[in-house]
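Novice: This is what each chain is made of:
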Amino acid sequence: MAIVATMEVMDPGPLCTVQDLGRYGFGRYGVPPSGALDSFALRAANILVGNRECEAGLEITLMGLKIKALTGVVVAIGGGDLQPAINGKSIETWRSYGMRKGDFLHFKSPKNGCRAYLAVGGGILVQSVLGSRSTNLSSRFGGYEGTPLKKKDVLSSDSPETHVKFDGSALPPEWRPLYGKDWVLRVLWGPQDMDFPEKSREAFLDSPFKVSPQSDRTGIRLSGHLIHRRPSLGESIISEGVAPGTIQVPGDGQPIIILSETITGGYRKIATVIGADLPFLGQIKPGDQVRFDPVDLDCALGAIEQLEETFRRLRERISAEFPMT
Amino acid sequence: MLYDIPTFRLMGDRALLVELGDEISPSINRKVRELFLKLDRESVHGIKELVPAYRSLMIVYDPLAILLTALKEVVTRLHGETHGPPIPEPKKLDVPVVYGGRFGPDLQWVADFHGISPEEVVRYHVQPVYQVYMIGFTPGFPYLGEVPDAIATPRRETPRTVVPQGSVAIAQRQTGIYPVQSPGGWQILGWTPLRFFDAENWPPTPLEIGDRVKFFPIREKEIPDWQS
Numbered sequence: 002m003a004i005v006a007t008m009e010v011m012d013p014g015p016l017c018t019v020q021d022l023g024r025y026g027f028g029r030y031g032v033p034p035s036g037a038l039d040s041f042a043l044r045a046a047n048i049l050v051g052n053r054e055c056e057a058g059l060e061i062t063l064m065g066l067k068i069k070a071l072t073g074v075v076v077a078i079g080g081g082d083l084q085p086a087i088n089g090k091s092i093e094t095w096r097s098y099g100m101r102k103g104d105f106l107h108f109k110s111p112k113n114g115c116r117a118y119l120a121v122g123g124g125i126l127v128q129s130v131l132g133s134r135s136t137n138l139s140s141r142f143g144g145y146e147g148t149p150l151k152k153k154d155v156l157s158s159d160s161p162e163t164h165v166k167f168d169g170s171a172l173p174p175e176w177r178p179l180y181g182k183d184w185v186l187r188v189l190w191g192p193q194d195m196d197f198p199e200k201s202r203e204a205f206l207d208s209p210f211k212v213s214p215q216s217d218r219t220g221i222r223l224s225g226h227l228i229h230r231r232p233s234l235g236e237s238i239i240s241e242g243v244a245p246g247t248i249q250v251p252g253d254g255q256p257i258i259i260l261s262e263t264i265t266g267g268y269r270k271i272a273t274v275i276g277a278d279l280p281f282l283g284q285i286k287p288g289d290q291v292r293f294d295p296v297d298l299d300c301a302l303g304a305i306e307q308l309e310e311t312f313r314r315l316r317e318r319i320s321a322e323f324p325m326t
Numbered sequence: 005m006l007y008d009i010p011t012f013r014l015m016g017d018r019a020l021l022v023e024l025g026d027e028i029s030p031s032i033n034r035k036v037r038e039l040f041l042k043l044d045r046e047s048v049h050g051i052k053e054l055v056p057a058y059r060s061l062m063i064v065y066d067p068l069a070i071l072l073t074a075l076k077e078v079v080t081r082l083h084g085e086t087h088g089p090p091i092p093e094p095k096k097l098d099v100p101v102v103y104g105g106r107f108g109p110d111l112q113w114v115a116d117f118h119g120i121s122p123e124e125v126v127r128y129h130v131q132p133v134y135q136v137y138m139i140g141f142t143p144g145f146p147y148l149g150e151v152p153d154a155i156a157t158p159r160r161e162t163p164r165t166v167v168p169q170g171s172v173a174i175a176q177r178q179t180g181i182y183p184v185q186s187p188g189g190w191q192i193l194g195w196t197p198l199r200f201f202d203a204e205n206w207p208p209t210p211l212e213i214g215d216r217v218k219f220f221p222i223r224e225k226e227i228p229d230w231q232s
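These protein sequences, in sequence, are chains X and Z.
Basically our numbering = 1-based index in the first sequence + 1.
Basically our numbering = 1-based index in the second sequence + 4.
If we strip away everything but chain Z, and leave its shape as in the complex, we get (with noise of 0.2 Å):
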């Protein structure tokens, strides 16, 4: 459900978190976004930080500089502001993937799974346009939605310490990309050759929240073809 007014919770005295809807949905992730944007055009004195994810926003700022009353009126005026200047359009971008093998060491068990052929898995993964619902867990890893019922795997029950750079991955209906090798527990269906983060790059990775991504096959011979 989306709510009416903004929902505040204090994470003690220098963060808020702003709920818009309290499951994930992706009209609450667009107001989210809208919220995230507004505020961030606003350049609010005082906030350090915003963090837009599924159905919340939070925002770092300095107690000694603004007040907490003064930053919810913001928000809320914000919020309700309905002839503001135009919201910008997400970004779409098509991400290759080089499925199964040694790059998605877990595509034959989620076939197997659903009692499919790791081909049909792929033709799954590729179909959706997904929404980018927030950019977490690691710098540069978006989390992405929906995966098609069919396909919607639970997580592996022991995660892997190493996950390489790259990996694309599914857990239940969500699907991401790992920007830097990391921990992960999810199901590892292929590899991309594109960054997705890069500290010494601007912006350091290429996607925002609400950007759209299509995966699509590739070959694994074909994969110097996307490396710039």
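Just chain X, same shape as in the assembly (with noise of 0.2 Å):
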């Protein structure tokens, strides 16, 4: 491994983290999951720079980042397009782009979606903290020394050189997904659906939520139709495992989307959004609109197939156009 200094933070934006795709096997010790919130862009914007998928990146919130490189580097931006540009002039996501030492890459404001996804080749190398590069930023690990990106920061890659010629990669418009304003989540029903009479499942199909502006990595906070469950019932349950994407429901029936911040809790969880659809709930932000579509399992894990069949191709395709030497 060859260590090089590739970036330094000119300016973090209102929030920048380090993440990979997720902190595991620590649940037991009360440790959530942390990671991309949108595990798909930053898979991708990894494939594009020749990174392994599970190597660590930038996640930008909404706007601001400005960060110089150090050294002839690659990147991609996988996700949101938050204008992003190098020197001031606009470059595309899901494509990759050189950067020659001195250049800028700045983020203006969101075009679509709320997060971007930065690759650089070579990877971001900040110590490995339980198994993952992730920051948890409530708890103060992982990431850049557990906190958000600062200005002066300086990020380093492995033998970032190496990774140059994939320059010029690109994911085929066919394959990447769409952000709008109006998002339908698929989801499963459950863990405790039954805990709500048809009358509050209904309306929670029926009407799109709001994203409430205090919205963040924790949770996607709704308001909308409140959503009652059985009167008999009390507003708490016996705090039990919480996985990314379900959905629950405090007393006051406003349900919060569950992100990757939290590992347990002691609401009652209407239903779940299916996994192939996770990556998408990195991309809504405050003001959107988002409606349920429940499917059922086969749907979900056939979602989740075409998702890696997607992955597998894109590796195929990069492997055959930017062979390994």
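Think of the hints as simulated: they come from the structure by calculation, not from any bench.
Note that the Cβ used here is the ideal one computed from N, Cα and C, for glycine as well.
Heads up, a few of these hints could be off.
[Stated by the list, open to error] Derived DEER-like restraints, expressed as beta-carbon distance ranges:
{"no.": "1", "chain 1": "Z", "residue 1": "N205", "chain 2": "X", "residue 2": "P232", "range": "26 to 36 Å"}
{"no.": "2", "chain 1": "Z", "residue 1": "E46", "chain 2": "X", "residue 2": "E309", "range": "23 to 33 Å"}
{"no.": "3", "chain 1": "X", "residue 1": "D253", "chain 2": "Z", "residue 2": "A74", "range": "35 to 45 Å"}
{"no.": "4", "chain 1": "Z", "residue 1": "T11", "chain 2": "X", "residue 2": "K182", "range": "53 to 63 Å"}
{"no.": "5", "chain 1": "X", "residue 1": "E236", "chain 2": "Z", "residue 2": "I227", "range": "36 to 46 Å"}
Take the two lone chains, each set in its own frame, and fit them into one complex as the hints suggest.
Specialist: Rendered as structure tokens:
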């Protein structure tokens, strides 16, 4: 491994963190997975710069990040289009670009989506803590010293020069996800859907919810129809594990989609977003609208298989185009 | 009630909740611990995460690596298995606590709530050998039970936005330790100089489900003796 300083943060914007595909195996100690909220975007961006899909990248929230290349490096941006530009000249998402020493990369403001994922050829080499480079913001560990990126932070990568040849690789347009402002998320009922009367379950499906400004990496807070539990039931249940995408309904009847910073909870969960739609949760922003579409397990599994097939074909394509020397 | 056979609930297409009873009880929780340890030992391909709780075990899995039916079969088999290798005994940890004053800002309130003295609250709190029912809420936070009825106290009406790391608190018949600074609504009785979460350490927290905890009071000036 040849560790090379590749990037310096000139302006971190409102929130930029180092994330990989998450921290698994420590839920027994109360440690949540963290990780890129839009794993599709990080995985694809990594492939486009010749990295392993699980390599750490930067999760950029809404706007503002400005970084300078400290050496020749290849980068790719997946996820939301936050209007990235190199030295002021707009660049595309889902495509890799070479940067020369001294070049600036800047994210202006969201055209669509909520979070962009920057992959750097050779990865972002922060220390792996409990098996992952992801930042756990609430407990301040992992990532870049447990905190969001700050001005003057310097990021390193492994042998970035060996990735420069991936400049120009792109995700075929037909595989790129589309991000609007009206979302339809596929869900499986449960685990506690039966604690809600039929009227509540209908209300849950019928009308769109609005995404509240209080949403963050811990959860997407929704407002709209109040979802009432059966009147005989208390507000809380005996605490149990929770997984990303599960939709809990606290006493006020306003659902919250749990993201990756929580591992246990004591509210009833009416439904859970299917695995194939989890990446979209990273792109939903305050003011957007969300509807839920119930599917069955076969449909959910079919969607995951299709997603993995896309990645298999992308990997094949990139390795045919850019053979390893 | 302890169930004869596990109840399965899906949490999406990559998490399965296995419920072993319908209430908080030491015996149900013991069964959860047993199933958790058996599954952990079996190292089932495709299982990514095991989160044991009061009466349930959450299994996070990769649905492309293991079918749900196969996963349920393994769980059912291990749950019914009585002649496997022995389950290890839980650990016991003695935890020093400085009670009251700036270390336990709610001690007086809890005493007044029950019409007893702060010293009596402490005496009740240090009396039981508590069982770790689960770790959750934040990394390393142990849910301990059960607090004597005489000092069982509701949560604060307004949660604090910042509870210092090391705070020892109660809510109803539960007690716990805040291992990292976080928001929190429990009544803070005291503070322990021991560390309950350190991501750089292995294991990152000294407690696991089923372990035992006994609190004992120390004075403020003894704190340095307990800080390693």
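Novice: May I ask you to test the hint 53 to 63 Å on the CB atoms belonging to T11 (chain Z) and K182 (chain X)?
Specialist: Violated: the Cβ-Cβ distance is about 40 Å, outside 53 to 63 Å.
Novice: Taking the Cβ atom of N205 (chain Z) and the Cβ atom of P232 (chain X), is their distance within the range 26 to 36 Å?
Specialist: 47 Å, violated
Novice: Does 23 to 33 Å hold as the CB distance between E46 (chain Z) and E309 (chain X), or does it fail?
Specialist: Roughly 25 Å apart at Cβ, these two residues keep to the hinted range, so it holds.
Novice: Against the range 35 to 45 Å, how does the distance between the Cβ atoms of D253 (chain X) and A74 (chain Z) compare: consistent or not?
Specialist: This hint holds: roughly 40 Å between Cβ atoms.
Novice: Does the Cβ-Cβ separation between E236 (chain X) and I227 (chain Z) fall within 36 to 46 Å?
Specialist: 38 Å, holds
Hint violations for this structure: numbers 1, 4, all remaining hints satisfied.
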